[in-house]
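Quick mapping for you: the protein sequence lines, in order, are chains A and B. Those letters in the first sequence? Residues 1 to 498, by our numbering. Those letters in the second sequence? Residues 1 to 598, by our numbering.
Since the hints were derived computationally from the structure, they do not count as laboratory data. Hints may be right or wrong, so weigh each one.
What the hints assert, rightly or not - With a straight-line Cα cutoff of 16 Å, these simulated EDC-like cross-link-like pairs (lysine to aspartate or glutamate) come out:
| # | chain 1 | residue 1 | chain 2 | residue 2 |
| --- | --- | --- | --- | --- |
| 1 | A | Lys359 | B | Glu277 |
| 2 | A | Lys272 | B | Glu358 |
| 3 | B | Lys32 | B | Glu68 |
| 4 | A | Lys272 | B | Asp400 |
| 5 | A | Lys20 | B | Glu358 |
| 6 | A | Lys272 | B | Glu68 |
| 7 | A | Lys354 | B | Asp12 |
| 8 | A | Lys354 | B | Glu277 |
Stated by the list, open to error - Not everything, but these chain B residues come out facing chain A in the computed CB check (under 8 Å):
| # | residue |
| --- | --- |
| 9 | Arg62 |
| 10 | Ile97 |
| 11 | Gly269 |
| 12 | Asn270 |
To be verified - Covered by chain A, according to a simulated footprint, are these stretches of chain B (three or more residues, beta-carbon under 8 Å):
| # | stretch |
| --- | --- |
| 13 | 86 to 95 |
| 14 | 298 to 306 |
| 15 | 355 to 361 |
| 16 | 367 to 381 |
| 17 | 527 to 541 |
Just so you know, even glycine gets a beta-carbon here, dropped at the ideal spot from N, CA and C.
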Amino acid sequence: MSTKEYRTAVEARGGLLVMKHTPGVAFGDRVSIEDHSGGVRNGQVIRSSNEEVLILVFEGVDDLDLENTWVRFLDAPVEIALSPELLGREFNGLGEPRDGRPPVLSSLRRAVGGSAINPAARTYPREFIQTGISTIDGLNSLVRGQKLPIFTGSGLPHNRLAAQIVRQARLKNEDASFSIVFAAMGVSYADAKFFRDEFASSGVLRNVVMFINLADDPPVERLTLPRTALTAAEYLAYDLDRHVLVVMTDMTYYAEALREVATSKGDVPARKGYPGYLYSDLAEIYERCGRIHHRHGSITMMPVVSMPSDDITHPIPDLTGYITEGQIVLSRELDNQGIYPPVHISPSLSRLMKDGIGKDDTREDHPRVAAQLYALYARALETRNLASIIGADELSSHDRRYLTFADAFDRRFVGQGENEERSIEATLDLAWELMSIFPKDGLTRVSEADIAKHYRELDEEQASSLGGGPASGVTTAVQSHSRRKRRTGSGAQPSGGG
Amino acid sequence: MSEPQRIGVVRDINGPIVTIELPGIRHGEQVKIGELGLFGEVISLSGDRAVVQTYESTDGVRPGEPAEGLGWPLSVELGPGLMGGIFDGVQRPLEKIALQSGDYIRRGINVASLDRDRKWAFEPNRDLAPGEKIGPGKVLGTVQETETVLHRILVPPGVHGELEEVAPAGEYDIEEIIARVRGASGRSQELRMYHRWPVRTPRPYLRRDDGVAPLITGQRVIDTFFPQLKGGKGAVPGPFGAGKTVVQQQIARWSNADIVIYVGCGERGNELVDVLETFPKLEDPYTGRSLMERTLLVANTSNMPVVAREASVYVGITMAEYYRDMGYDVVVLADSTSRWAEALREVSGRLGQMPVEEGYPAYLASRLAAVYERAGRVETHGAGSGSVTLIGAVSPPGGDFSEPVTSHTKDIIETFWALSKELADARHYPSIDWVTSFSGHVHTAAHWWHENVDSNWENRRREALALLARDAELSRIVNLVGPEALSSAQRWDLEGAALIKEGVLQQSALDEIDTFCSPDKQFALLDLALMIYDQGAELVKRGVPVQELQRLPLLSRVRRIKSLYSSEQLDDIETFRDEVEQTLENLRQEYAKHEEQA
Ligand SMILES: Nc1ncnc2c1ncn2[C@@H]1O[C@H](COP(=O)(O)OP(=O)(O)OP(=O)(O)O)[C@@H](O)[C@H]1O
Ligand SMILES: [Mg+2]
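Okay, chain A solo, but in the shape it has when bound (with noise of 0.2 Å):
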């Protein structure tokens, strides 16, 4: 069937190409459709009987003649071919060359569709991995097999932060360093030389294989891309043993691709025009990564996700809440303050920290440690609410230490430089220094041990130094989610244990 040509092309809209009378053709298959001018498209089966077949067309449908339109159906599904050679290249979404350098060659073929993991062949990932950057690493640590996205907003440093995680993460007792999937779907130019210029700069360029989709190349391949790229992920670490961190930039990018088909498919919309599948169109891609047991080769995953108008609520980022193992957000408000990374810890979250921290991994007193800062800062940032309405003056001094701890906390937990890379000893010992701020008592959440090893008693004046002292309390970085709920743990006393 493959030979044979088809001119029944009987309609071209929003990406799709309605074809009658081309029987028995194979749902899913690949086609390939010559256009008036000789140009050649890529394409995919997506609904198929005797009377009509649809294919959703890659590069798009944009001035297709009906008439001069030539298809042929590949008998295959949509794949690539993998070697060793795709390492230090760069593809398109379909896995073809985009550095000008000739198709990889080889006779092992994957269609990137992929097939579902066996949860049984799965095995728990709990492997700390240190990427020196303090919010991450202490209080939302990463795992090698986890899926942790970057929540992020339009201006913020969401691509400064993922290059400094691919240059700095390590494991912490192995020199085994990472190889690296690169997945740009929808980005700017400048943004994927970014990246391009980073990996070739922090020399692992040797070690990436980049798939590049940019904001001025056809929609519909975004869907194919990050199958494309994790087919190759899944390769590199399962047929080459490596330990691969698939980047992919930006999944907004590619969900809104999925919204333009899905609409010019008819397809029922759930939320804001997207398709009731969305979520399972996404699990399909993020829950192709993770650890598999007698395998020595690992998947890590950190997609971008932009917020649209910083809404984490919106289908995009809610959606992938819902299916990956935490996400790291990132907030305008700290960003404006000049704090690098702005990482907003409160709706900040690592599900498979539990298992890669402690006394074997990391230190003993780091889970404990990551609860209680996360309980001082949650009550310092209501206090911060306060401040900004009665002032600063007004509260308690008991009050005025939260703010103290506020400001340090952002300025010297969360912000480091951006080629500051702190071991994860540095990170709790600087966790200490700031708890020091309170007194013992106050501090409920790590054990007596934990105190009499780790703090360290400050006097009055000691302690508000450390925040910058007490006048620079009312700044209001970050407040609290809701002013008016106020329900939280030890939050809505105004005075307490200590």
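Got chain A sorted already, so can you dock chain B with the ligands onto it with the hints?
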């Protein structure tokens, strides 16, 4: 099932929805599609054409390929060998599939749910005599399925007649005949240790009973504040990351049920692995045995085909009913029912059905209600009382509880544990919001608590909730005008509420000691916090400055008690309580002296 097999032809492939042409096919019938033999189910019929939803990806299927009607609806195998296993959404055993097809699930793979080679030590029911009239639910004998679970082999539903013979004690595989029954027609029927049951049909029972005993979960905010009954239905709604899965896993770990069925419906693969890897090593606090021995997993992870996701909930509940029929208390945890509802939505969308709200079909509410209706405490046909408790997680888009799945669920269930993003963000876990959560079982649960723990339970619970409500009110005032506006008594209220929140409500699943809390310890902690509050309030009334009370180191110590002493160390909690009482008493006396002098 003796009908001849019929072969038809595939006409149209639209993702998981395949139209076939097969005269005589029935609604709900199982179908094998194409050369690969993908399994599916007829969901609509029109003339000779049937619409089939397939449980597997249809990539590569062509119009013109064969389609075979199998003659029966989606059914599960029920018999020994289920416990401790992990099955996919249509009850295929995932561990065996991994052995056959490797790390990824190959399509069209066909592995029987129950092991055909394994022998079980069958012990016949000695009370049975040949010639006896027997019917469904009668216990034919038992098999020790795991150390904890005694599997009762029952006469399957629909079988009535005169017992001809029961096999003697011995080792049998599940295909061997263990009893013969002569039916009314005079035909002899052979019974094995397993039978099949269609998952969309509730299994029969004698009658429905009211729930009487609370399901003890070892989680304070649940047992003490929003109790669930054995046989009840409950929901855990919450935005992503709020703690739905942890709540469900905690119940799976620590509840006093006989059997736990955990249905991972459209959620993460790693969460099931977590259960698979940790449960065998955890000890059941009630039996002292490995938790895995009484646990069964159904896994349709988010990346597995969406149609099997819809089936997975029914598959889980049917297995639960089967163990209920043996007289057990079974808990089904479905994480998440929203993904189940979305599977419905996807199929209905592909069928071009008219959506009513957010793309969901009009029958969403009735399907949801029908699923939850399968929970309940019943009088079984032959094994006394048994129950199925159904607890579903709900994942509202954007955390908005007014969306269709959450709001319909709320109308159906009796226990509602609403998770709050604010609480979760402040790492107050479990983030069950005490203002919006409710339980319709408090009154019934109170009987149990009063009889087994303390006759003051209901009062103490009410006092604590009232204090928390005052706290919410006062916090609003503080937020507007600052703490200075409050009286001393009101400030002490805030302090008391903080004690309840931190010393009682907060309970970390990761804390080795506090992860499980016995009812006695639950009450001891609650009573301790309220005792401090009551006495403090008394002191404040007498004029002791509230700051003086706030300075007491015992306030921070009491917050640690829960993770200092286990459920076995109630004496130590008692000792601590005595110390606290002494301290407060000293303070009172000191102040009284002070007063006298002045
Ligand atoms: N009781 C608890 N004790 C300690 N940690 C908890 C508790 N409940 C939740 N957490 C923390 O919150 C994280 C998220 O919880 P969980 O995975 O249950 O959320 P979820 O509501 O199921 O989210 P999703 O809808 O995305 O599946 C956990 O990984 C854990 O770190
Ligand atoms: Mg969950």
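- prompt: Is it true that the CA of A:Lys272 sits at most 16 Å from the CA of B:Glu358?
  reply: 10 Å, holds
query: Given B:Ile97 as an interface hint, is the shortest Cβ-Cβ distance to chain A below 8 Å?
result: 6 Å, holds
message: Using the nearest Cβ pair, does B:Asn270 come within less than 8 Å of chain A?
response: 6 Å, holds
message: Between the stretch 527 to 541 of chain B and chain A, are there enough contacts, at least three residues with CB-CB distance under 8 Å, for the coverage claim to hold?
response: violated (count 0)
field: Assertion that chain A covers the stretch 367 to 381 of chain B - criterion: three or more residues, beta-carbon distance below 8 Å
entry: violated (count 0)
task: Take a quick look at whether A:Lys354 and B:Asp12 sit within 16 Å of each other, Cα to Cα.
output: With a Cα-Cα distance of about 48 Å, the restraint between A:Lys354 and B:Asp12 is violated, given a limit of 16 Å.
- request: Given that the stretch 86 to 95 of chain B was listed as covered by chain A, double-check it with a C-beta distance under 8 Å for 3 or more residues.
  value: This one holds; 3 residues, not fewer than the three required, reach chain A with a Cβ under 8 Å.
task: Below or equal to 16 Å on CA atoms is what counts here, so check A:Lys272 against B:Glu68.
output: It is violated: about 40 Å lies between the C-alpha atoms, which goes past 16 Å.
query: Going by Cβ atoms only, is B:Gly269 closer than 8 Å to chain A?
result: Holds - the Cβ of B:Gly269 comes within 8 Å of chain A, reaching about 4 Å at its closest.
task: Measure nothing beyond the straight line between the CA atoms of B:Lys32 and B:Glu68; if it is 16 Å or shorter, mark the hint as holding.
output: With Cα atoms ~5 Å apart, B:Lys32 and B:Glu68 stay inside 16 Å; holds.
message: When I compare C-beta atoms, does the stretch 298 to 306 of chain B have three or more residues closer than 8 Å to chain A?
response: holds (count 7)
Interface hint compliance - B:Arg62 to chain A, C-beta minimum distance less than 8 Å: OK, holds: B:Arg62 within 8 Å of chain A, min 5 Å.
Figure legend: structure checked against the earlier numbered hints; hints not met, in rising order: 1, 5, 6, 7, 16, 17.
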